[in-house]
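Chemist: Residue-level listing of the chains:
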Amino acid sequence: MKIPYSWLKEFVDTRLSPAQAQEALTMAGVEVSSCRFLGEGLDSVVTARILEMRPHPDADRLSLCKVTDGSTTFGIVCGAKNMKAGDAVALAKIGARLPNGVEIKKAKIRGQASEGMLCSEQELKLAEASAGIMILPEDTAPGIPLADALGLSDWLLEVEITPNRGDCLSVLGVAREIASITGEKVVLPDVSFPEEGAPIGDLVRIDVSDPDLCPRYTARAVSGVTVAPSPDWMRRRLTMCGIRPINNIVDVTNYLLLEVGQPMHAFDLDRLRGGRIDVRAPKEALVFTTLDGSERKIDPGMLLIRDGEGPVAVAGVMGGANSEVVDGTSRVVFESAHFSPPSIRRTAKRLGLSSEASYRFERGVDPAGTVYAADRAVSLLSRFAPCFVARGVIDVGGKSVTPRTVSFRPERATRIMGRAYAPETCMEIFGRLGFPVADDGTGTWNVTVPTHRFDIEREIDLVEEVARLSGYESIPTTYPESKAPEFSGDDRFVDVQERAFDFLRGRGFSQAVNFSFVAGRTWERLGAFLGFDPADAVRLVNPISDDTTLMRPHLLTGLLSNVADNVRRFVDDVRLYESGKAFGKSYAGGHFEEPRLGMILCGKRFPGDWSGADASADFFDMKGVVEPLLLHLCASPVHVVPTRLRPFFEEGKAADILRDGEVVGWFGAIRKELLASFELTGPVFYGEIRLAKAAASPPPPGQYEPLPKFPPVFRDVACVFPAGVPVGDVLAMVREVSAEVEEAGVFDIFTGEKIGDGYKSVGIRVKLQSLDRTLTEAEVHSIHSKIVNLLENRFGGKIRTS
Amino acid sequence: MPGASEQITRLLDEGMAAIAAARGESDLLDAKGRFFGKKGAVSAILKGIAALPAEERKAVGEMANRARAGLESAFDARLSEIREKERLVREGRERIDVTLPGRGPMPGHRHPVSQTMSDIISVFRRLGFSVQGGPDVETDYYNFEALNFPPEHPARDMQDTFYVESAAGDLVLRTHTSPIQIRTMERMKPPVRIIAPGTVYRSDSDITHSPMFHQVEGLAVDRDITMADLKGLLTEFCRMTFGPGKPLRFRPSYFPFTEPSAEVDIRCVICGGSGCRVCKESGWLEILGAGMVDPSVFGFVGYDPEEYAGFAFGMGVERIAMLRHGISDIRLFFENDIRFLSQF
Ligand SMILES: [Zn+2]
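Quick note, the sequences are listed as chains A and B, same order. If you count the first sequence from 1, position 473 lands on 473 in our numbering, and the numbers rise without skipping. Counting from 1 along the second sequence, just add 1000 to a position and that's the residue number in our numbering.
A hint or two may mislead.
[Claimed, not checked] List of simulated lysine to aspartate or glutamate pairs, EDC-like, C-alpha gap at most 20 Å: (1) A:K2 x B:D1140; (2) A:K349 x B:D1140; (3) B:K1280 x A:E40; (4) A:K760 x A:D748.
Simulated from the structure, these hints should not be mistaken for laboratory data. None of these values were measured; they are calculated from a predicted model.
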């Protein structure tokens, strides 16, 4: 909320300067985010009068003006045409530096000297745009600083009000805060006025049929008023605070909204059918046109103001077009009511209509302030617009307003805050706040809270008042007593994740962070390739854009688009990983979310290598990351098996990783169609690990076995297999041939003409070792024969003899 | 044996000449063989000495031994000279360019947000806090209600919420990691000392707001916790994160689930307090929200507010990462441009 300092001073004649007020309010919890001097840049701008105006002899678009500041005459070349001799204007003298940064220098424009500049509102930053120069009111005296003429020798405070402090959404509220800080007194303006009209009861009848939703309804009426613009000072203040002036009646209601925080509404009494007002929620839905011209669908339960025939306003939110004040209006009812905050909030939300009024009602408006606001409104109006104020005030429900009493123990404040608050200190603070205290000597006080402080209901709320008004800087710094630290499952997860990050970093992978939501349309278009039915996805009701409509079922699309983006930026060798959750509907009917670690790889196997090994990365480069990563995370033993279940991979280049029979991850070459839809050509490899499962239950500590004392024997076997034989299975079975087979590995693999189509040659090296003896030639021979037997009979191999 | 000494002298001269003439190691070893071998000249002379008369034997013997020793050391010296020379030649031939890049990948880069989050977590773990996680898709109860955001309360406007399609209509993407406070307190009795890192979501997007971002939230509940403890802990955290000598400012604020609440500002790390664009000329940067756990939150989890007190704090990880690394646009974090990531 924007508040002019001068307006605050009308309510509390504070000794604080604007900057001090900013600091003090901020440190008391009412944040003032800026405090701007409105006359900034207007130092050398004065009012002036145009004496004479004629066209520039050499330029059609320019005029030559003679202007006076009352003592000196200046010749000015001006590009605008909207003025005439006799007009009062804003003259920037030589040396002025305008709010828009322009410095005024003596200049010759097309041969004519210009001794200053006539300013537009835009140049003075008084408006976003302006058609010509600023024309001041006719009666403006020349030669006075423009800031004074426009009431800009003032500061504008921008106050950020937290939702609990609805009472501060007004000049009065912020003035009260200043008083609570400084101990100064708030003084309310005098609201006396003559009541010369008919008794209000003769003019309008008011009923409140739903008192729960409208605990208090106050009204004043005037007659014989002429609708006209309100005075400059009022229009200026409204504009400064961001409200557009309309006419004297409406402006007065808005002025009161800003000044005391009481939203008001003005009805044209002659347009209220039956001369009556009834506050009630309809039983059936209906359509109603608010004064902004929109048709609103009103649901049962939304509180309306009705006249004798139908709705005339949505209570506390917006008035209706059918009863608003118009040019010919002469009799006006001012509504100053208190509506129930949740009801207003529900209505405003359902209508998608948040107004200055509803914003305040939602946050709580002082129910005790309705009469003062109504009186202040008619008193202000009668000062500048001749009218007859009806006698008396209508006040339905006024008697029910009583302040709350809250108990408070000074000792409690000390306990919570960790610093001692003397009872006298607390007493003094409550005094500044205007909270009467009853102390019966039991250590528990009864504190009476004025009705404008909606936020204070409990002892802790009073503790906060004491703490903030004695300053947080007075709280000492101590340290919580240390306790034996916990080590949770999530601590372990964080450690596992950290180890994975370090591992991948060492392998040249950089970390990506993508949004958890993805574009649903991508998933619908590519669903067949992404391996997830979009109908099973967790969807947002109100996405911020088309790109964020569903929660990602896996991490692939994010990383893949990162690759595409980087390739587009001429980075061809991309290695990225991401740790994040995947989401989906679960069979149980709810949803699941699971931490995953995704890795993506494309480009050269060894980027930047100079020794001839500039081959492209392939499937085994990805396998060579995923598998050791799992071993690094203690997830071993794992088994890699071919899979057909992941349509985002090319068939035949896709594998699942199993641990204890459970899939803990998968990797493979991304399917060509998918690459094409991301405008990628080269092969891209992807792996994803179900991190929590992979790292679950760390293996027990390794147990020592005696080291072999006898020399090992190595045997190589070269064997031709049908191309489809999985070498991993071969090796696994070779290891099982006898206890002496300690290791079996591949040292060579090739295909080609020599081997024959559909076959591959595999070189297998076996390490034989016994713990208790040196193996004899005969034993080695026997094991070797068993292996050959296995390769030939089990896998259809044929031993090669070179 | 007249001439024995002449013989020795000649032998010495010849030997020295041969040593000097040797071109390579094998040349030299040949020469050595000629002089010192079983049938070499030195042996011949030494054998001859035995035949000399006793009076001569001593003097000639001494002379012969001196000659032999002289030759041997000359051989040795020449041998190391030749070897050194050959080593230099060989090494010169085999010299490699050690400035060429090593084989294997250079390390990749941590994402600055993730790194910052890890750093925050490790500071609090050192201070005795334990990590707790929770779901991203939360219920209205945990995200709002149990944190004292009643339905129809304007405090709900503080966080623009994403709603998730569900039968009951009560699911949201968590707008903060604070629901983990509730889930943890439901599960355990005090003392509680946790930090809750995670991804959070708000429907807001500009250069300082992202619809998804990261938070770390902390909670401590015990019999004797005070706001002064909170101040001490956060002061220590900021010292460990931003370095010493950065004043902090605690000012009153409002969060539904804490009371009293505080906003914590650090002296602007950009301008040092004189005022700049980053701190909006205030000289202070808001980095944390904190406060004492509101008694009504304790009510939701069945803790007695007369017996226990607690504090909670929360911070946006992106904001801290932006301040640490001088990043002005939050969207850079989510573009995953390798040229950006490589800077960290
Ligand atoms: Zn700064």
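Chemist: All hints are to be evaluated individually against the structure, with a verdict given for each.
Modeler: Results for each hint:
1. Taking the CA atoms of K2 of chain A and D1140 of chain B, the gap is near 34 Å; set against the 20 Å cutoff, the hint is violated.
2. For the suggested pair K349 of chain A and D1140 of chain B, the alpha carbons sit about 17 Å apart, so the restraint of at most 20 Å is met.
3. Note on K1280 of chain B and E40 of chain A: the hinted pairing holds, with a Cα-Cα distance of about 17 Å set against a maximum of 20 Å.
4. This hinted pair checks out: K760 of chain A and D748 of chain A have alpha carbons roughly 10 Å apart, not beyond 20 Å.
Checked against the numbered hints listed earlier, the structure breaks hint 1 alone; every other hint is satisfied.
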